[in-house]
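S.K.: Below are the chains, spelled out letter by letter.
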Amino acid sequence: MNQKVKVLLIDDDPVVLFLHKTLLKKAGIITNVHTLNNGRDAIEFMDSCEPETAYYALLDINMPVMNGWEFLEALQGRPYSEQTSILLVSSAAEGRVVMPAVAYRQVIGYLSKPLTMENCDRIVTDLAEKA
Amino acid sequence: MIFESGPGEQQERFIEFDGNYKVLFELNPLPMWVYDIDTYQVLNVNEAALRHYGYRKEEFLALTIKDIRPPEHVAVLEQAINKLKSAIEDFSTGIYKHRKKTGEIIDVQVWGSKIRYAGRNAELILAADVTATLAAQKEVAAATKKLQDAQAIAKLGYWSRKMSEDISDWSEKMYVIYGRDPGTFVPTYDNVRSCFHPDDRHLLDQQAFKILAEKGISDYEHRIVTEKGEIRWVFQRLHLESDENGEPVSINGIIQDVTERVRQQNLLRTSEKRFKALAQEGADLVGIMEPSGKCIFIADSILPVLGFHADELIGHNLLDYLHPEDKARIASTVQSLAPGEKVRIDPYRFPDVKGRWRWISTVATNLTHEEAVVGIVINSTEITDLLNQSNALKTSNDRYKLLMKAANQAIYDWDIVQESVEWGEGLSDIFGHKFSSPDPSSWSNYICAHDKERAVQQVSMARNDPGTEMIDLEYDYIKADGSIAIVEHRVIFLRNEEGTAVRAIGHVKDATAYRKNLQRINKQNETLTKIAWTQSHVVRAPLARIMGLVSLLKEGGYEELTQQDLLDYVHQSACELDKVIREIVHTAETTHEPES
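Sequences listed follow chains A and B, in order.
Quick note on the numbering used here: the first sequence kicks off at 1 and runs consecutively.
Quick note on the numbering used here: the second sequence kicks off at 132 and runs consecutively.
Source of the hints: derived by calculation from the structure; they are not laboratory data.
Among the clues, some could well be false.
Listed below are several chain A residues computed to face chain B (Cβ distance under 8 Å; list not exhaustive) [to be verified]:
1. V16
2. L19
3. A27
4. I29
5. N32
6. K113
7. E118
8. R122
Keep in mind it's a predicted model, so treat the numbers as computed, not measured.
By construction, the Cβ of each residue, glycine as well, lies at the ideal position given by its N, Cα and C atoms.
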């Protein structure tokens, strides 16, 4: 597994963060996994890392402080935006809530909570390609 | 001297009447007599006089010369004799009225000479009856006058020219016709040629004379130009006169001024052209028929209208073509027309060449008394399309009226030109006001003050904008019961070719209830949207958590957490889910509360 890509789990629900982290670990993604409680925390974390760092983020939409959409806006123009891939993760039943995300080239897909092992396998594949 | 004059002063001027000369008196074939100029008594009379006047000699000698005059001429006689007595001349002459024994009055040329006769002062009279001559002369004069009058009226002139001479001999009228002064104009060949209109001078060339030489006579018409520049038309008839050897010696011609006739012909020709243009080329069907219906004439304009060639109908009875339901009516109308009478015949059906019925409207005029017509003139117009359109319009209007009545809606018909409105019954039913006045402003009187100016201005602007066909507006309206209605108002303008609005149809709807319903529906929609969002985000969040936790419990491997921890999370999420569901139910219940 490529260790240069940082995996970010951005969600305000600690149970969800726990579940997703556990599932990723079961899929073999153990290191470089960072849990963040909202968009602001995520941006600040990314800003603190090396500009050339690549990220693979599971982004919740409804969050306090800075929600998923605000995070995407904040990401634009930042030096690491080009090497960032994002999977939107929402508890919403209908996919249309993430339709506006097509405007952001960093968004590569949408997953409905909770994540499954099949979802994790796809993440593993993506990370392998991104390496 | 036949008669010798005697001596003496007064007497010397008298001629003695005696001797052999008496024989000349007696045997003279003309009536002669001698009378005493003092007493008027006849002194002698010859045989010719007796024979002519019808007297025996002793009767004549018993007369005075007054007796052979009509009584009304005696005064003239006395005057003449008094003049004779005092005159120096011995001779007199004149034409007088004489009376025969039978009473017949004759005209007599009298020559008289004073003579001495039997010692008396007398006058020898030689009388010639000129009654017939005078009558003949009178006739000739009258005939001459008539001829001159005829020439003047006919504007005829005569001329002749000897072949050997250059100058023609013109009658006086020739100068008048040619408009030339007889005192200055010499009718030489060149001068006459110059009087011809330039375009007609070829008539004087050799070719023209060759025709005259062949036929001996030649007629032609041409124009001449008068001295004042006036153009006149003349008719010439030329006659070539030849000698016994057949050699032409002279040309004689008569000429007639036919300017007026040519002008009339031109007018007639123009009139005919106009008639043809109207009758043949016009859109109307013009024809003449007998009262029986037999077609005498029909203009070619029928071809493009009904497809018939005029010849196909001429000679046929037009009534036979009519629609059976129209035939009796038309026949009766036409046949009851008195000479000079005109009637407009209500539309009837006449087939076109393919047998399709076409509607025709006709004005018929009975001109059977007019020599040039001798028939009934029919002036018709094909009105099928017009009639169809008219019927369609009537049907449409009828439907509209029915719709206005049937639809319990607020519809009105605004005649903008007349500034009057026909209000639909629905208006009163919906808003409670009585709209009986045709005044368009009677509607706007009840528009709420805060909307009135805007609404009236919107309608006015739309009406004045040629590009606006329809306008929708909305305002508050005061109903008769004092409540306020939300009104939706649509106006559709009908415009003329200039774009000016001439009519408008308006539809007014009380949208109050509809709007309230709409507001409630919108509120429901908002609630439903909220519920959906809640379901999507709030309900699924704990549910997704529970699903994830249960899945982890089943598969194991939850690291630092114990199974109890996971079950606590499950319980916590279930409680959260329960709370959310209760909130949803509460929201739905409050949203669906019925309207008061």
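S.K.: For every hint, state whether the structure bears it out.
M.R.: Do the hints match the structure? See the list:
no. : hint : result
1   : V16  : holds, 6 Å
2   : L19  : holds, 4 Å
3   : A27  : violated, 12 Å
4   : I29  : violated, 14 Å
5   : N32  : violated, 18 Å
6   : K113 : holds, 4 Å
7   : E118 : violated, 12 Å
8   : R122 : violated, 17 Å
Hint violations for this structure: numbers 3, 4, 5, 7 and 8, all remaining hints satisfied.
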